[in-house]
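Undergrad: The task is to assemble the complex, starting from two chains supplied on their own in separate frames and drawing on the hints.
Top line first, the protein sequences correspond to chains B and D. Counting from 1, one number per residue, gives the positions in the first sequence under my numbering. Counting from 1, one number per residue, gives the positions in the second sequence under my numbering.
Here are the computed distance ranges between Cβ atoms for each label pair:
| no. | chain 1 | residue 1 | chain 2 | residue 2 | range |
| --- | --- | --- | --- | --- | --- |
| 1 | D | GLY140 | B | CYS7 | 51 to 61 Å |
| 2 | D | GLU192 | B | LYS10 | 30 to 40 Å |
| 3 | B | LYS10 | D | ASN375 | 15 to 25 Å |
| 4 | B | VAL110 | D | LYS34 | 42 to 52 Å |
It should be emphasised that the hints constitute simulated quantities derived from the structure, not laboratory data. Using N, Cα and C, we set each Cβ at its ideal position, and we do this for glycine too.
Each chain, written out:
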Amino acid sequence: MMPGEKCREKEILEIIENDARLNTEQIAVMLQTSEEEVVRIIKELEEKKIIAGYFTVINWDKVGEEKVSAIIEVKITPQRDLGFDAVAMRICRFPEVKTVRLMSGAYDLVVYIEGQTMREVASFVTLKLASLEHVLSTATHFVLKTYKLQGTLIEDDVEEDRRLLITP
Amino acid sequence: MTNPSDWNKRINPVILGLQPSGIRRFFDLVAEMKGVISLGVGEPDFVTPWHIREACMFSLEKGYTMYTSNRGLLELRQEIAKNLAASFGVSYDPHQEILITVGVSEGLDLAFRTILCPGDEVLIPEPSYVSYAPVTAMAGAKPVFLKTSAENGFRITPELVEKAITPKTKAIIICNPNNPTGATIDRARLLEITEVVRAHDLIFVSDEIYGRLTYVGEHTCVPSLPGMRDRTILLNGFSKSYAMTGWRVGYAAGNRDFISAMTKIHQYTMLCAPITAQIAALEALKNGENGLIKMVEQYNRRRRLVIQALQKMGLPCCEPRGAFYAFPDIRSTGLSSEDFAQLLLKEEKVAVVPGNAFGEQGEGFVRCSYSASINDLTEAFRRMESFVRRRVSKGKVLTFSPGKNEIIKEGICQTI
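Chain D with its partners taken away, still in its complex shape (with noise of 0.2 Å):
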């Protein structure tokens, strides 16, 4: 018992074989370093609006400090079946389909431990969120990636998914707009996709927490698509459409039989979502419509002056149209994912996340986010152009082609 080594011998094969996030060992790298501009952060830069943060405390001053069912305030259900009919035409039933997690990523674990067995496949587009694969491992099940890459736009095809689906394959998880690449699925292609997963009768895990932020046509939620309801687990939250990713709520919808099986794990593990971030979440479904726009119009303005910016610079990247993120191709300088990032921050002191911290096929790429203000967006670019053409000018070019200088529009990259 001396050894510590001998301690990671109890430990869980399974948890043991799970890969630390790539994301934390960069994380380490810039927590070190001063006055550093950084572009490298999943969340909002604004803060919970006031409103939002003002009927929390009301709430508490009131004395709302106790559990709530485990399904979660039924207001807030209720609030939500009324936002998707609204938005959507698709109805959930408050009290039986639809339960109030502790944000997407509790969603997500539940969702994916209540329909994988051992063995089971789950299909999953690379690169994507860091989450998806540890958590299909943790429900031991077996991550299948569907490998997008740049050369196609990142774009999951009908094809690309059914050349994947064996006999265990038994669900499917997209995040729509796509995290890291900013990317889109557009209703015409998402027909598609949907038509493999119910002619394989798939789950659809459908990840929209990123709907809202769209800005190059609509968001399709998959659920309204037809016979996907009943196959759909929805997860959204209020972390990016709200800027309240550190309140931790958000939501599973989909038919009773699946929300009453993942209601029983969150019982068990969760017991219930916390009061004082649920009513606030109330608030910001009931109130928040307005401030939700602005900030909307706010990063697509900024995400324009991104497309620019790289343009300028001249990093191919296919058109970033949902989330807050832009995934420029950085192969023209030379460097890897991870050099490029590291030298980046060494040099110019800008902070971006490597692009194969999202699975392999992100290597080459880096994802800038631009939930920042003008100012360090501006002075952020600058840098990293000045840090490109040193790079470019030292005659490491790679796979540069001049050609491929623009902004990838419509057709190439509409798809993840």
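Next up, chain B with everything else stripped away, as it sits in the complex (with noise of 0.2 Å):
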């Protein structure tokens, strides 16, 4: 690997992370360097999973979508030579499931699942998740609205452009 190559996927990552939806012949103008080798490092990024998808972040609660989150905190007993890995994977395989992570602290896995209603999510709770191998317990919090996601504000008129038109 080239020297500069680490700053340059970097340089790559932290421009798409802000948007997904540049493309590679901007990033190259943007990085001064070549569009073959953008789309090269993209590509590499891709199979090392270090790109791990491209999303769209989007306000359900605008389109007036009928949708339930909610924030699971599990508490599980590890195994022996798996921790908490195995179990983890086990609750990420549902589909309704959209983010597991490990805590420090009072519990263990903070799961985060999203359904259709508040009895589809609850079903999802007591009769899939609960009742699981190693899962100890359970605390469910239902989110009531979001106001920042992915370091995007959702709320409409935060910090529109209000300079003048012109100003020398």
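TA: As structure tokens, then:
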């Protein structure tokens, strides 16, 4: 790997983390490099799963779509040799689970889930999650409102451009 | 007393004689239109970082609503002194050699009123920021322009300075990096210029408001050059580096005689800079470095997009190395600066500033600011390209030379 390569990778990641819609030509110009190099680096990052996917930050509340999300604190018994990973992976495989993280502190895993109704989420927790082997307890918190998501403010009219159109 | 023109006779002829800023005229035109993408903005598109705004709100909650000392909060002056020493190795006594001003604009006014007497001459590069000449005139002195042009890359040379000096020359003002050209002056050239300045015993007023926004090479702080500390009035502020234009806070640094004299004017006219802005500036200096670096990185990436876009549409342009402006040569379209700006606005709804707003040497150029989002920049330059292509294909080509169809690099365009 060339010396500047790591740095370039980081720059590319920073750029597309903020705006995944920029095309490779634009990124190449922004970083003063060739488009081929950008394409190659992005491909490598994808292969290494450093770039794990491309998503859009959507405020579903505004679509009028009825969606319920909840954060569930999960306490589990770690298994010999596997620690928390095996249980965590089992939980990850449910499609309604959006994010799973191992936490320090009072509980072990935090699980973000999304469902159509509160009943659906509740039944997932009681039937699927709480009943899993090695899961000791769960605490479910329903999301009431999202203000900021993935570093982006969700509310309207926050920090719009208020500058005069022409200034010296 | 019924004829309104009578009142004009009561107005100081110097003020009456001042031309309203060319930018103002164009602003009125733009303000009437909807859906305009503006590349005409001379301020960051970032909002002041939250930690700075939050620090200011906290100070309000704590009741910091009073005057500060005329010179400004000592803690802020100390932080500025520390910063200048660490960045450029130039030391100022925060008690006597630094004055907090209401932006560089006030600092400039104070500096000129302090050092200029009627009849004195001030050397001002052209094109340059719109207020240098009027402020000189208001101080009763005479602006003498260092006329730079695209042909020599808007370069200020020692010879140009030397030639403009008369027995009446008192000072020179240089803004580095430059607004509107985005050009920077490197250390070697500044050394040559300051040599002339010292030889003729001039005062150097150094406007370094865009200093931190330098993308190619390193910014050189004029008072850090040999023999320049005491004959330089350094003007700087927080507007551009920390996206704090509306706070109106800046500073002047210089020898104690200059700063004391400037403080006298400041105390009778301004009293002090607003305390809320000073507290915000203090927070910016103490904890704003990371945010600043991120912003500079973003400007730099946009800058490269702009350079490419201008190349693509065939407008020659000196490489913009600082601030957030590009100053392309639009003479190939056969239009004057003002016509270009007006027609571009009318036909494509993109606002740029006609170059002649920055002095007659800016004629044939327009200022494009890249303090805009990448989406806006991309769309604006797409529109501008189709405008330019239409114009050029109309055969109105006067000075188009394909050989110049590139960003002019090192050597030709390092200086203002």
